[in-house]
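Residue numbers (the working numbering), protein chains in the order written: chain A, 1 to 379; chain B, 1001 to 1379; chain C, 2001 to 2379; chain D, 3001 to 3379.
To be clear, the hints were calculated from the coordinates, so they are not data collected in a lab. As the structure is a computational prediction, the values presented were derived from the model and not from experiment. Just so you know, not all the hints are guaranteed correct.
Below are the DSSO-like pairs computed for lysine-lysine, each with C-alpha atoms no more than 27 Å apart in a straight line [said to hold, decoys possible]: (1) A/Lys4 with D/Lys3004; (2) D/Lys3051 with A/Lys51; (3) D/Lys3044 with A/Lys4; (4) A/Lys181 with B/Lys1273; (5) A/Lys217 with A/Lys127; (6) D/Lys3220 with A/Lys51; (7) D/Lys3273 with C/Lys2179; (8) A/Lys217 with A/Lys129; (9) A/Lys273 with B/Lys1179; (10) C/Lys2220 with B/Lys1051; (11) B/Lys1004 with C/Lys2044; (12) D/Lys3220 with C/Lys2370; (13) A/Lys44 with D/Lys3004; (14) B/Lys1129 with B/Lys1073; (15) D/Lys3051 with A/Lys4; (16) C/Lys2220 with D/Lys3220; (17) D/Lys3079 with A/Lys4; (18) C/Lys2277 with A/Lys277; (19) C/Lys2150 with C/Lys2217; (20) B/Lys1307 with B/Lys1150; (21) B/Lys1051 with C/Lys2307; (22) A/Lys220 with B/Lys1370.
Not the full set, but computed from the structure, chain D residues with beta-carbon under 10 Å of chain C [claimed, not checked]: (23) Asp3164; (24) Pro3174; (25) Asp3189; (26) Asn3239; (27) Leu3241; (28) Ala3248; (29) Ile3257; (30) Ala3258; (31) Glu3261; (32) Ser3290; (33) Asp3292.
So the derived label-pair ranges between C-beta atoms look like this [claimed, not checked]: (34) C/Trp2186 with A/Tyr304: 51 to 57 Å; (35) B/Trp1186 with D/Val3297: 42 to 48 Å; (36) A/Asn340 with B/Asp1219: 33 to 39 Å; (37) A/Ser303 with C/Asp2231: 53 to 59 Å; (38) D/Ser3303 with A/Tyr304: 38 to 44 Å; (39) A/Ser303 with B/Asp1178: 34 to 40 Å; (40) C/Asn2102 with B/Ser1077: 35 to 41 Å.
Even glycine gets a Cβ: it sits at the ideal position worked out from N, Cα and C.
4 protein chains.
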Amino acid sequence: MSRKIKLGILGGGGDSLIGVLHRVAANMFDKYEIVGGVFNPNFKENIEFAKTLGLNSSRIYEDYESLIEEESKLNSSEKMQVISVLTPNFLHYPMAKKLLENNFHVICEKPLTTTYKEAIELQQIQKEKNAVFAVTHTYTGYPMVRQMTKMISDGIIGDIQKVDAQYLQGWLNPIIHDKNKRSSTWRLDPEKSGSSCCLGDIGTHAFNMVELVTGMKVDKLLADLNTLYEDNQMDVDANILIRFSNNAKGTIRSSQIATGEENNIRINVYGSKGALKWEQENPNYLYQLSDDRPLQVLKPGHSYNSKISLDGTKLPPGHPEGIFDAMGNIYKGVARAINNETYDKAEFPAIEDGVRGMDFIEKALDSNSKGNVWVELNK
Amino acid sequence: MSRKIKLGILGGGGDSLIGVLHRVAANMFDKYEIVGGVFNPNFKENIEFAKTLGLNSSRIYEDYESLIEEESKLNSSEKMQVISVLTPNFLHYPMAKKLLENNFHVICEKPLTTTYKEAIELQQIQKEKNAVFAVTHTYTGYPMVRQMTKMISDGIIGDIQKVDAQYLQGWLNPIIHDKNKRSSTWRLDPEKSGSSCCLGDIGTHAFNMVELVTGMKVDKLLADLNTLYEDNQMDVDANILIRFSNNAKGTIRSSQIATGEENNIRINVYGSKGALKWEQENPNYLYQLSDDRPLQVLKPGHSYNSKISLDGTKLPPGHPEGIFDAMGNIYKGVARAINNETYDKAEFPAIEDGVRGMDFIEKALDSNSKGNVWVELNK
Amino acid sequence: MSRKIKLGILGGGGDSLIGVLHRVAANMFDKYEIVGGVFNPNFKENIEFAKTLGLNSSRIYEDYESLIEEESKLNSSEKMQVISVLTPNFLHYPMAKKLLENNFHVICEKPLTTTYKEAIELQQIQKEKNAVFAVTHTYTGYPMVRQMTKMISDGIIGDIQKVDAQYLQGWLNPIIHDKNKRSSTWRLDPEKSGSSCCLGDIGTHAFNMVELVTGMKVDKLLADLNTLYEDNQMDVDANILIRFSNNAKGTIRSSQIATGEENNIRINVYGSKGALKWEQENPNYLYQLSDDRPLQVLKPGHSYNSKISLDGTKLPPGHPEGIFDAMGNIYKGVARAINNETYDKAEFPAIEDGVRGMDFIEKALDSNSKGNVWVELNK
Amino acid sequence: MSRKIKLGILGGGGDSLIGVLHRVAANMFDKYEIVGGVFNPNFKENIEFAKTLGLNSSRIYEDYESLIEEESKLNSSEKMQVISVLTPNFLHYPMAKKLLENNFHVICEKPLTTTYKEAIELQQIQKEKNAVFAVTHTYTGYPMVRQMTKMISDGIIGDIQKVDAQYLQGWLNPIIHDKNKRSSTWRLDPEKSGSSCCLGDIGTHAFNMVELVTGMKVDKLLADLNTLYEDNQMDVDANILIRFSNNAKGTIRSSQIATGEENNIRINVYGSKGALKWEQENPNYLYQLSDDRPLQVLKPGHSYNSKISLDGTKLPPGHPEGIFDAMGNIYKGVARAINNETYDKAEFPAIEDGVRGMDFIEKALDSNSKGNVWVELNK
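Could you build the full structure based on these sequences and the hints that come with them?
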């Protein structure tokens, strides 16, 4: 019953942080076996890196095309079933496309692609192939985000009337004020990084979180972006008004020049019967507010949590869970999908979330370039 | 040297909470003697209330006109020098106007008036009379707000590049969803409450805080207001984009339907060299962030604080200060101004802050009604 | 009905911090009128100081004996009814004794006296005279301490099984390591400060808090005191084991060499059905724990609070209350007692609390000097 | 260079939580390959469980004796190098003993043994064999505990003068008050659980933490234990006074009847130049206090941290680390030791820490049974 899923990885070699995160997550619930991949564009370094992981070199490939070709020859019990795509953003599209076309499942880092058009195209192939396709908005994997999502969908806080979301970082501050640095940072180079810096890198996480936990779609947005310096073309700060199809309104604020901030994601959702608040840097607390009762603070692992929240907690209450646990939970959900087990769609963000994210980025850029006007998202 | 300042009060009788706040503040530093006033429109209740304060009835008046007339007859050592105006908003203008014209100093609750035009008119008279005129944006009186203001003006965080401010309450939530209640609440009745509910009541506090602590003027704004129900005319929620004359951008978010929130004011200011964050419900902590050093948490009363911050702290560190201390500090500053002692303009918000606040309210309403467009504030 | 209570004050002149605290508290609810006293041992400075308070000099006296003599001659509607004793510790006993003997009510700073014997003597006179006698353990006046006390007495947390209390300060740290400083600080001089430094100054607060909130008496204790240096005779740090008559056990830890701590009082009470936790530096939060429900955080002013808690809150939820509010609430309770109105004994610590405090200090010193053995407190 | 270390596991099968923790930790840095073990006493379940881990059954054994026998036959490149012992406490000693005698390295759960005598015996064999032997006091693996330890050893807070440590849980509360439950819980059965419940299970963690971070040895202790009910023989709550060889004093408080507490470990260390505070449930914050500067809050991953702290952080600041990271860091250190690489002894608790822990337990029981007297720990 429990043969492990064969996992291949594209990217994530060398000092890659995202590589560590995905490998630990894959191992966390004993559901995957990493069998090979292309960790590095340089084949020699690729092989060296694979050794440090304890992999033999037989399934380490020169490039993703060879991987697809060779793996496709293997019988189904040996073949890689799912590939994690951790490469630079512009490679997500061609890799994911070819993987889907060749019947692999895909776990893809965000942003899904570099354009909405590409995203839609991928989604179409994914549907045809009926492939499992996860987009790793990691933060959605925390047990208390899942609890928040479930409580809202259960109507605990009533109809949503206000949403306040942020993703604030400060890491660009030491770069942005130095002309040389800002002109030589790849994140600020449209050639390398695509049309957006802040929105693409982190705004899209906040947007995904908003739609995930509320269970509602953002109808339209009005964005005010900041490049801070005239010689910088890329957004480094974004203040965005959002509206939902009911009367709810809100904001998404994301920034990479919020000096001193690390990874400060917060989401507050206010409803007619109560409110829920969560923040990523202290992920094991979910705050429930109401008109007339004391503030309640929910924590992971307690029996008052929902099944999907408890599913992501391995130790008794009081043992802090971190970012690895969040990603581990996503991999666990993907494993269920691949194994055709029952799972809740809230267990991992899927390709439609990736598509929405691309639409968000393009519409926010559009709103800003048109002078901060309302732009509707696609239905 | 230390004769106490003679203080009269208009409003604040009965169960008025604001009345308690002003009286405690006036007594806090032994600078004022409350000698009389018009606490209540009903003269009998007025007299009764004055007794509970231990005042004899000789200087309790029928109305503010009588107060002005009678007090003006007294010699200067007896006469009320300053009058606190705590009446409903629409009375601020006529009362303050007549008080100024008759050479009284004024301490006025916010919002200063019901229209920008009235505010400008008051300001003109105040200038002619060279009167002391304070507008009680109470929260500015906290020692750590003063410290934040001073640190920013001293350049500690460098050039400001991002401002994120909020004032979130939830008290309207139990009212707004009930058609009867929402049609019978005076705050939601434009006849009684003026053109704005949320902006006028609390948005203006957040706006004042933004301009106070940054030392910068908001250049223009773009506001998205929410009335939640079609049969409600008044704003109960506001998401506002702001821009300053340098490249700094930001938001002011204020709400009275942020379910479960009490008095959640936060202001984060991000600069090129660091950031400062403060929140009203835990007012004795000021958070200083930087690119590469540990977070620092400043608290009142320590010698590392500036003079103007320390001036507002009476006990050693670790003795929590509350809202009464904040208002007490404002009254202390006003006393210095009345006594022609040296004072720092940051010691109390003055009439120009009240004028700015009225402009902010009108421009935000204007932006919203025009479909969420940028509107410039007056210089 | 509402004639204000005539209040006299002994001590608290000049730069005295405790003087500010008592005066603001007396004024907070409009229940007292400060009519005079002896603020300062130097009569000239005494008069000067009285002027800064706006008092005329007719009831400013040379010493407390004169005050008692002269005030006793006044008719009952004029005479000071209650005297606040804010002088150095060794003066509490003679002053309070003579005041009681001459039919004044007394509000006395802690510690009540310098010996248990004196305390018992005062208590006897107080009983004979049926005087109101408050001992200002200020921290008991916070609304959430009152709420905690009431919830425990209502059985909300069941039978108490564990108590963990602390009062940690660090102010002696910069003094204790310097031989000259430690030999010249009055707090460390037994001639001036009595037999104890840390226990008398702050340990007694923690002990009082323990007995107040639990509603139980400490049966016996075992104390380990630290003087840190051999040439220092006075306790600067205390770790004390405590036991109650049921099977509950606990600790009281108090220190003045907990480097960097300000006024860190915490009390945690664990019962069979739940637990309650409170800390002085964030006094507006009361934490309620249970086996299987989310943590609840209670805040002042909400209708879920008990009457005695709400009685001490003047503004709506979200307006932070500080140390002045705590003392103000104590003065309010004392006013009720003096005016023969109904009051709850939890509204202010009385002479029996002062007596218990003296017993605690002496028994802790005794336990320590005997080599850390169990010593029973008096019943 | 990077061949993975062959790891065997004893225990941790089925629903074991500790099993998950060790497996994830072993995988975290790609240093280990789990090759087999005895997960479960029932061989069939053992095999089943191994399958769920993706292990083939060739190196799944009937019992630890068979494992030792069979593995010893393998050549050195195949043989298990290190065995993790996760079985019930009473099995630690016989298993570890035989493993050491047969030249395996050992990673052992705490408490090391059931008696001090056994611990000493193990230590002797470990020395003879020069084996790597880790005792998994997991909490010591957090980056900020390592940072705290390093800062203290670097003299940042000067000479230590006070230590305040706690480990509070509430899980026994729903059991202890029910006579049937308390007589049928294995933790409260001396036959199954050894001489101590609370001390052995969690007190020893707090004790280890105290000695680790201070770098000092506890000289003597005085313990007051609570069994709460007469028909319960086992300690469920402990208040312990401790003294060090310098003049520092302190407490260790541990409890399993601190109702509602989860895993509330705190350690505060006060020195002549500053203080450091840490708590396990919010493990990514280290608080540095001083006499006259703002509180500083250190977080993982920043360049201001020491090398040994940074070694345990894989992602940029703001990505919360949890309990898995702490155990992962311990396994990483053990891997270095096994591979004869340079490592810092603070990277993992070793057998001498386990020995100290057993001495602590026995001495605390001794102190209590003798009527709460001082008992010296072995040097």
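We went through each hint and held it up to the structure:
Pair hint lysine 4 of chain A plus lysine 3004 of chain D holds up; C-alpha atoms about 20 Å apart against a cutoff of 27 Å. Of the supplied pair hints, the one linking lysine 3051 of chain D and lysine 51 of chain A holds, its CA atoms being roughly 25 Å apart against a limit of 27 Å. Taken as a hint, the lysine 3044 of chain D and lysine 4 of chain A pair is honoured in the structure, with Cα atoms around 20 Å apart against an allowance of 27 Å. Proposed proximity of lysine 181 of chain A and lysine 1273 of chain B is supported: the alpha carbons are some 16 Å apart, at most 27 Å.
The straight-line distance between the Cα atoms of lysine 217 of chain A and lysine 127 of chain A is roughly 21 Å, inside the 27 Å bound, and the hint therefore holds. For the suggested pair lysine 3220 of chain D and lysine 51 of chain A, the alpha carbons sit about 50 Å apart, so the restraint of at most 27 Å is broken. This hinted pair checks out: lysine 3273 of chain D and lysine 2179 of chain C have alpha carbons roughly 16 Å apart, not beyond 27 Å. Using a Cα cut-off of 27 Å, the hinted pair lysine 217 of chain A and lysine 129 of chain A holds, with the two alpha carbons roughly 26 Å apart.
Simply put, lysine 273 of chain A and lysine 1179 of chain B have alpha-carbon atoms about 16 Å apart, close enough for the 27 Å limit, and the pair holds. Distance restraint check for lysine 2220 of chain C and lysine 1051 of chain B: the Cα-Cα separation of roughly 50 Å exceeds the 27 Å cut-off, and the hinted pair is therefore not satisfied. As the CA atoms of lysine 1004 of chain B and lysine 2044 of chain C are separated by approximately 20 Å, the hinted pair is consistent with the 27 Å bound. At roughly 17 Å between alpha-carbon atoms, lysine 3220 of chain D and lysine 2370 of chain C fall within 27 Å of each other, so this suggested pair holds.
The suggested pairing of lysine 44 of chain A with lysine 3004 of chain D holds, with an alpha-carbon distance near 20 Å, which does not exceed 27 Å. Restraint check: the Cα-Cα separation between lysine 1129 of chain B and lysine 1073 of chain B comes to about 18 Å, which is no more than 27 Å; the hinted pair holds. Note on lysine 3051 of chain D and lysine 4 of chain A: the hinted pairing holds, with a Cα-Cα distance of about 9 Å set against a maximum of 27 Å. Straight-line distance between C-alpha atoms of lysine 2220 of chain C and lysine 3220 of chain D comes to about 22 Å, which keeps the hinted pair within the 27 Å bound.
Between lysine 3079 of chain D and lysine 4 of chain A the alpha-carbon distance is near 24 Å, which keeps this suggested pair within the 27 Å criterion. At roughly 23 Å between alpha-carbon atoms, lysine 2277 of chain C and lysine 277 of chain A fall within 27 Å of each other, so this suggested pair holds. The straight-line distance between the Cα atoms of lysine 2150 of chain C and lysine 2217 of chain C is roughly 16 Å, inside the 27 Å bound, and the hint therefore holds. A threshold of 27 Å between alpha carbons decides the hint, and for lysine 1307 of chain B with lysine 1150 of chain B the separation of about 9 Å falls inside it, so the pair holds.
A C-alpha spacing of about 26 Å is found between lysine 1051 of chain B and lysine 2307 of chain C, which places the hinted pair at or below 27 Å, so the restraint holds. A threshold of 27 Å between alpha carbons decides the hint, and for lysine 220 of chain A with lysine 1370 of chain B the separation of about 17 Å falls inside it, so the pair holds. For the restraint placing aspartate 3164 of chain D at the interface with chain C, the shortest Cβ-Cβ distance is roughly 6 Å, inside the 10 Å limit, so the hint holds. Given hint, proline 3174 of chain D at the interface with chain C, holds; its Cβ is 5 Å from that chain's nearest Cβ, closer than 10 Å.
A cut of 10 Å between beta carbons decides the hint on aspartate 3189 of chain D: the least distance to chain C is about 21 Å, and the hint is violated. Look at asparagine 3239 of chain D: its Cβ gets to within about 5 Å of chain C, closer than 10 Å, so that hint holds up. Because the closest C-beta pair between leucine 3241 of chain D and chain C is about 5 Å apart, less than 10 Å, the hint holds. Taking 10 Å as the C-beta contact cut-off toward chain C, the hint placing alanine 3248 of chain D at the interface holds, the least distance being around 8 Å.
Annotation: isoleucine 3257 of chain D was flagged as interfacial toward chain C, and the flag holds, the nearest CB pair being 6 Å apart, inside 10 Å. Below 10 Å, beta-carbon pairs count as interface contacts, and alanine 3258 of chain D has one with chain C at about 5 Å; its hint therefore holds. Given the 10 Å rule on beta carbons, the hint for glutamate 3261 of chain D holds: about 7 Å separates it from the nearest Cβ of chain C. This hint holds: serine 3290 of chain D has a C-beta 5 Å from the nearest C-beta of chain C, less than the 10 Å allowed.
Below 10 Å, beta-carbon pairs count as interface contacts, and aspartate 3292 of chain D has one with chain C at about 8 Å; its hint therefore holds. For the pair tryptophan 2186 of chain C and tyrosine 304 of chain A, the beta carbons lie near 54 Å from each other, so the given range of 51 to 57 Å is met. One distance hint, 42 to 48 Å for the beta-carbon pair tryptophan 1186 of chain B and valine 3297 of chain D, holds here, with the actual separation near 45 Å. Our hint of 33 to 39 Å for asparagine 340 of chain A and aspartate 1219 of chain B is violated, since their Cβ atoms are close to 58 Å apart.
In this structure, serine 303 of chain A and aspartate 2231 of chain C meet the distance hint of 53 to 59 Å, their C-beta atoms being roughly 58 Å apart. Range check, serine 3303 of chain D to tyrosine 304 of chain A: about 41 Å between beta-carbon atoms, so the 38 to 44 Å window is met. Restraint check, serine 303 of chain A to aspartate 1178 of chain B: a C-beta distance of roughly 35 Å satisfies the suggested window 34 to 40 Å. Restraint check, asparagine 2102 of chain C to serine 1077 of chain B: a C-beta distance of roughly 37 Å satisfies the suggested window 35 to 41 Å.
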